[in-house]
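Asks: These protein sequence lines map, in sequence, to chains A and B.
For the first sequence, the working numbering begins at 1 and goes up steadily by one.
For the second sequence, the working numbering begins at 1 and goes up steadily by one.
Don't take every hint at face value.
Calculated cross-link-like contacts (lysine-lysine; reagent style DSS-like; alpha-carbon spacing at most 27 Å) [as the list claims (entries may be wrong)]:
| # | chain 1 | residue 1 | chain 2 | residue 2 |
| --- | --- | --- | --- | --- |
| 1 | A | 362 | A | 285 |
| 2 | B | 253 | B | 265 |
| 3 | B | 407 | A | 36 |
| 4 | A | 63 | B | 253 |
| 5 | B | 253 | B | 17 |
| 6 | B | 407 | A | 63 |
| 7 | B | 302 | A | 101 |
| 8 | A | 63 | B | 302 |
If you anchor each label on the Cβ, the simulated ranges turn out as follows [claimed, not checked]:
| # | chain 1 | residue 1 | chain 2 | residue 2 | range |
| --- | --- | --- | --- | --- | --- |
| 9 | B | 304 | A | 123 | 40 to 46 Å |
| 10 | A | 114 | B | 338 | 34 to 40 Å |
| 11 | A | 80 | B | 152 | 50 to 56 Å |
| 12 | B | 156 | A | 118 | 24 to 30 Å |
No wet-lab data here; the hints were simulated from the structure.
Don't be surprised by glycine CBs; every beta carbon is placed ideally from N, CA and C.
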Amino acid sequence: MSEHKPRKSNEVKMPKAFGWMAEYADEQNLLVAARKVRDSGYTQTDAFTPFPVHGIDEALGIKPTILPFIVLCAGFTGLITALLMQWWTNGVDYKYIISGKPFGITPASIPVAFELTILFSAFTTFLGMIFLNKLPRFSNPVFTNPRFDRATDDRFFLYVNAADKYYNRESVKELLAGTHPDSLDEVLDDSTPSTLPRPIVLGALLLVLTGLIPAMIVLNMRASFSTLPRLHVFFDMDFQPKKKAQQTTTVFADGRSMRPQVKGTVGRGQLTEQDPFYLGYDPSKLSADDAFTNVKYVSANASQDPASKDPASTAVPATPAQTAPPQGAATPAPVLNLPWVDKLPASIVEEGNIEANMKLGKLKFETYCAACHGYGGFGDGLVHKRADALAQGYWLPPTSMHIDRVRAQPVGQIFHTITKGQGKMSSYASSLNPAERWAVVLYVKALQRSRNANIEDVPVDSRSALDNELNAEPTK
Amino acid sequence: MNLNYEKASIELPASWKALTPVLAFAGVSCLIVGAFCFLFLAPSVEGDKTLAFRYLTHSYLANFIYILTFAIGALFFILIQFLTRAGWSSSIRRLAEIMMMMIPYLSVLFVPVLALLFVNSAELYEWNAKEAPNSVIAAKTKVFLFKEFFAIRSVLYFAIWTMIATWFFRISRAQDESGDTDLSLVRQKWAGPMIMLFALTLSFAAFDWVMSIDADWYSTIFGVYLFAGSMMAFFGMMVIISISLQNAGKMQKWITVEHFHDMGKFMFGFVMFWSYIAFSQLVLIWYANIPEETFWYDVRLKDNWQYLSYGLIAFHFAIPFLGLISRHVRRHRTGLLFWSIWILVAHWLDMTFLILPNAGPATTFPLIGHLFGGVGMLCIFAALFILRASGVPLVAMRDPRLPEAMKYANPIL
Numbered sequence: 001m002s003e004h005k006p007r008k009s010n011e012v013k014m015p016k017a018f019g020w021m022a023e024y025a026d027e028q029n030l031l032v033a034a035r036k037v038r039d040s041g042y043t044q045t046d047a048f049t050p051f052p053v054h055g056i057d058e059a060l061g062i063k064p065t066i067l068p069f070i071v072l073c074a075g076f077t078g079l080i081t082a083l084l085m086q087w088w089t090n091g092v093d094y095k096y097i098i099s100g101k102p103f104g105i106t107p108a109s110i111p112v113a114f115e116l117t118i119l120f121s122a123f124t125t126f127l128g129m130i131f132l133n134k135l136p137r138f139s140n141p142v143f144t145n146p147r148f149d150r151a152t153d154d155r156f157f158l159y160v161n162a163a164d165k166y167y168n169r170e171s172v173k174e175l176l177a178g179t180h181p182d183s184l185d186e187v188l189d190d191s192t193p194s195t196l197p198r199p200i201v202l203g204a205l206l207l208v209l210t211g212l213i214p215a216m217i218v219l220n221m222r223a224s225f226s227t228l229p230r231l232h233v234f235f236d237m238d239f240q241p242k243k244k245a246q247q248t249t250t251v252f253a254d255g256r257s258m259r260p261q262v263k264g265t266v267g268r269g270q271l272t273e274q275d276p277f278y279l280g281y282d283p284s285k286l287s288a289d290d291a292f293t294n295v296k297y298v299s300a301n302a303s304q305d306p307a308s309k310d311p312a313s314t315a316v317p318a319t320p321a322q323t324a325p326p327q328g329a330a331t332p333a334p335v336l337n338l339p340w341v342d343k344l345p346a347s348i349v350e351e352g353n354i355e356a357n358m359k360l361g362k363l364k365f366e367t368y369c370a371a372c373h374g375y376g377g378f379g380d381g382l383v384h385k386r387a388d389a390l391a392q393g394y395w396l397p398p399t400s401m402h403i404d405r406v407r408a409q410p411v412g413q414i415f416h417t418i419t420k421g422q423g424k425m426s427s428y429a430s431s432l433n434p435a436e437r438w439a440v441v442l443y444v445k446a447l448q449r450s451r452n453a454n455i456e457d458v459p460v461d462s463r464s465a466l467d468n469e470l471n472a473e474p475t476k
Numbered sequence: 001m002n003l004n005y006e007k008a009s010i011e012l013p014a015s016w017k018a019l020t021p022v023l024a025f026a027g028v029s030c031l032i033v034g035a036f037c038f039l040f041l042a043p044s045v046e047g048d049k050t051l052a053f054r055y056l057t058h059s060y061l062a063n064f065i066y067i068l069t070f071a072i073g074a075l076f077f078i079l080i081q082f083l084t085r086a087g088w089s090s091s092i093r094r095l096a097e098i099m100m101m102m103i104p105y106l107s108v109l110f111v112p113v114l115a116l117l118f119v120n121s122a123e124l125y126e127w128n129a130k131e132a133p134n135s136v137i138a139a140k141t142k143v144f145l146f147k148e149f150f151a152i153r154s155v156l157y158f159a160i161w162t163m164i165a166t167w168f169f170r171i172s173r174a175q176d177e178s179g180d181t182d183l184s185l186v187r188q189k190w191a192g193p194m195i196m197l198f199a200l201t202l203s204f205a206a207f208d209w210v211m212s213i214d215a216d217w218y219s220t221i222f223g224v225y226l227f228a229g230s231m232m233a234f235f236g237m238m239v240i241i242s243i244s245l246q247n248a249g250k251m252q253k254w255i256t257v258e259h260f261h262d263m264g265k266f267m268f269g270f271v272m273f274w275s276y277i278a279f280s281q282l283v284l285i286w287y288a289n290i291p292e293e294t295f296w297y298d299v300r301l302k303d304n305w306q307y308l309s310y311g312l313i314a315f316h317f318a319i320p321f322l323g324l325i326s327r328h329v330r331r332h333r334t335g336l337l338f339w340s341i342w343i344l345v346a347h348w349l350d351m352t353f354l355i356l357p358n359a360g361p362a363t364t365f366p367l368i369g370h371l372f373g374g375v376g377m378l379c380i381f382a383a384l385f386i387l388r389a390s391g392v393p394l395v396a397m398r399d400p401r402l403p404e405a406m407k408y409a410n411p412i413l
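Please construct the entire structure, taking both the sequences and the accompanying hints into account.
Replies: Below, the structure is given as structure tokens:
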């Protein structure tokens, strides 16, 4: 037909038919009708009931879904994904020791594998159900019949779809009529216009455009420049009536906003800065010059230059051993010279305290120092032994307490070493309070002396016991 | 609904009753052959005399716990059916009720274990030695693990289970006569408290009887582990009994494919649950990696026990998991029967894994002896089941939920 006919707007059109829907008062009638329809060979059928009806699947002849198999495949995919991911990340790509566990797939990988199996399965179940049910679908032709509203209340409906390959309008009607339904209606296409009302479209458009305004403003701001000063929303937070360090002020005559310490006062934490007990040296004996030069470590690099003499070592001739280069070291260790305390504080060594302090010193030494320096102070602690066994080349052995350089050190310097650390050794000030540090010094001095003692150092009544022990030794 | 029934179809087959003495004789013979393997063959062929008695005691306990778990599973099944007011299970519930009523019978088989303690043997429970092997065990023996208290607790567990089982069974039998629905309601009311009591006693029984073999090892999840295996094995046993009864021409109307499907689902679920619990126990110990916990697995991963331990991952989890995952298998009687037997074997291996490695390395004759012991115990279990079931209708005919059980259908997925 080539002749073009203009379509008349008032033409009456028969709405499209989608099938037949029968209504029943109870589920028994529905089941009987469903079986009858099933046995007649129709497969494109559906039932709508206010509650789940046992046996309706069988009565409608619904085939089992393939969803479980899809979910099983998805579950295995999740399992394999998780295992591969963990094997790759921790076993191959980025080996990282976690709690000393082996790399790759371990029992710790199982929870992740389990979770991913469940995750993949759950998503597949949900999305697969949506897909297999041909959802989302905004409307179904059966909704056009106002009686259908009671499908969620107290009525049971059986629907034969016109898409069925055996569908014949008259014969299906006859078949359903034979099941004695309460009503039998043809499911017709919705006759109401499918276009949205104009006001709704306009309103939605307006909303979308309004919603774009803030985004547009932000984009404009980001792309344009302005010479105007920044907007201060909280003015009194941006400009606070206070002075910062290094600023000037008119309040004080000297114009400084940072105030010097008031004469005759001691600030918090300043007390220990003046007391040899906390320092290991006497700050009052530091000359003005010493104070500036000596508080620094002389760098090891500087002393490599043979022309420059170590200025610090000559400044305090009282400690000549310090200038001697440490044995076995390629470069001389940094040397520090200060007016060291050369006697242990009276409170540490006074009668009645010294025994307890020696014990305390031993305990603390063996807790904190012996790991590197060894129980005898020979620099042969467990850490050293382990590092030495690894033979990595860059290990600097811990200092022995019994070499001449250390033996010659005044007690104050040993105290200072514990307090501030030396070389690779870090500060132990946070682990040991000053009295404990002095107790450790006391113990170190005792260790040193024990290696260089003669028979006069042993009390007279103990000498024979010592002799016996020495004589007995070879026979052991 | 018309529940016309023939009385004969819900009675035990006469041929089974005739089989009882045979089963009992076979069971005892197997136990004797097993003991012979342990005490004579193992020492003379393999030359280790000191371990012979150790193996015997451990094997006996493992096989005893193995058959006890069926009855324990049955007890929990009954409780949970009433707690959830389940209707589907009404027609098969009597079988489980008979199984739970075997607990008093089975408690007699525990007497040798207690006797072992009171002759001061430390072969099975090392904490029973005069001098505790180490300080950890010594501390436990002072307050908890000593033979008098252990015996009191064991008696208490059996007494509580027997009490619960008897009470539920009696009411069930009374309902057979009267058909009074109140008898269902009163059981529903008490199922909750009883289940708490059951959980506590089972957990402690697992600690006492099985976990204390390694007295310096502990796992707080151990009771749940044993419970998970018990339930799995119970459903396996239920399927086997149901199919055997139907093959003998009984219960054919009462146990439908829907019931088999449900028991299969439970079996599948508890395979998963056992794996979950077993893995939870393992992963914590593996990750913490401290010697006082890991040694338990260490014992089970050497001296040939490693084949069993690793084998459990496949036999107790992966293979039955894949085997039971399909509903077509669960609705297929032969398929389900195959997996039920599989699961009973897997559960036996699990009990072996829990107990036997403590006796010593896995060698041929002790394992043969253990196998004989297992078969013997199963025969005794069967004989006791028939003994307990005779004269009892196999379906609770006047249970108000019976029509629901007969109408019940699994939805088509």
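Asks: Run every hint past the structure and note whether it holds.
Replies: Hints, one by one, checked against the model:
| no. | hint | verdict |
| --- | --- | --- |
| 1 | 362(A) / 285(A) | 32 Å, violated |
| 2 | 253(B) / 265(B) | 21 Å, holds |
| 3 | 407(B) / 36(A) | 21 Å, holds |
| 4 | 63(A) / 253(B) | 26 Å, holds |
| 5 | 253(B) / 17(B) | 22 Å, holds |
| 6 | 407(B) / 63(A) | 21 Å, holds |
| 7 | 302(B) / 101(A) | 21 Å, holds |
| 8 | 63(A) / 302(B) | 51 Å, violated |
| 9 | 304(B) / 123(A): 40 to 46 Å | 44 Å, holds |
| 10 | 114(A) / 338(B): 34 to 40 Å | 27 Å, violated |
| 11 | 80(A) / 152(B): 50 to 56 Å | 53 Å, holds |
| 12 | 156(B) / 118(A): 24 to 30 Å | 41 Å, violated |
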